[in-house]
Amino acid sequence: MDVAAATAQQHDEHQTTTGLPHTKLGMWVFLSSECLLFGALISTYVLYRGRSTVGPFPDEVFDIPYTSVSSFVLLASSLTMVLALAAAQKRDMQRMRLWLLATALLGMTFVGGQVYEFTVFHEEGLDITTNLFGTTFYTLTGFHGVHVTVGILMLLSLVGMSMAQRLPADASFPVEMVGLYWHFVDIVWIVIFTVVYLVPTPRPGGP
Amino acid sequence: MAETEEHVAPPAAPAHPGSHPTAKEYVRIGLILFVLTALEVTASYTDVSGAVLIPTLYVLAVIKFVLVVMWFMHLKFDDRRYARFFVMGLAGAATLYLIVLISFRVFAR
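Quick note, the sequences are listed as chains A and B, same order.
If you count the first sequence from 1, position 5 lands on 5 in my numbering, and the numbers rise without skipping.
If you count the second sequence from 1, position 100 lands on 100 in my numbering, and the numbers rise without skipping.
Please keep in mind that the hints were generated in silico from the structure rather than gathered at the bench.
Do not rely on the hints blindly, as some may be mistaken.
So the derived list for chain B, only partly shown, Cβ under 8 Å to chain A, looks like this [as the list claims (entries may be wrong)]: (1) V27; (2) L39; (3) V41; (4) S49; (5) A51; (6) I54; (7) P55; (8) F77; (9) Y82; (10) A93; (11) Y97; (12) A108.
Every residue gets a Cβ at the ideal spot worked out from N, C-alpha and C, and that includes glycine.
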């Protein structure tokens, strides 16, 4: 896209009935709907918490230090994402690409860690059909993992488009849109980490 | 010859002047988030009763959630209508699923 077209596009985005860019408004409406999706998955996990009649139970398989590191990694990726946005707003495209790549790499580390965690759980006898815990846990964290993966693809696309000079001169808007999605994935993990991993799960018939 | 983003970019000018935090502020918020996460993990290893531990963990999670939404997602700085759309979905989801969980007596267990 040449500069004139990019400027025209940005101009059009501000000529809306609400005075707000429709893309950004649409992203917030989308994220709002995602609250319902993850709300359903988290509620289902909570509803069936401690109701598995056969093991493995959460306290037998969870490795809190390991998952804590994953949480720090995802939080760090949110920080690098806003640093990419700050660079884009300063029109420092090289630094923006660097921070976007760092965000994507941290995201890949998180997803890689999740795949490893799932593999360990499988070896310990926990599959999606083993018990209620397995079903709700894999569904919830699996959906989140897929969202992170989609975010990584969006980040790498931004980097690719920037390198091919397909982004407008002021790339802060597309970076901000991808950033909104990425931070949403992060806040969902903040809730999952607390509800699923940190809050103790009672055993059936236990205290 | 096609003009490139590097060649045509005018001097640095934020898209929304003065509306978004600086890189330093982002790093400060990031550090607070790291500390809160470390507190959460530490709290989960303490021997305090569930009646104290669980609300503490939820409060810390809510603070982290709000920090990310307000600062990293810029709801604190952007037009309030974005916040209204998001809160509408969030509050709707929270209300709906709380009713479901209360109906199934999850909190009475």
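So, going through the hints one by one against the coordinates:
no.: 1; hint: V27; result: holds, 7 Å
no.: 2; hint: L39; result: violated, 11 Å
no.: 3; hint: V41; result: holds, 5 Å
no.: 4; hint: S49; result: violated, 10 Å
no.: 5; hint: A51; result: violated, 12 Å
no.: 6; hint: I54; result: holds, 6 Å
no.: 7; hint: P55; result: violated, 10 Å
no.: 8; hint: F77; result: violated, 12 Å
no.: 9; hint: Y82; result: holds, 5 Å
no.: 10; hint: A93; result: holds, 4 Å
no.: 11; hint: Y97; result: holds, 4 Å
no.: 12; hint: A108; result: violated, 13 Å
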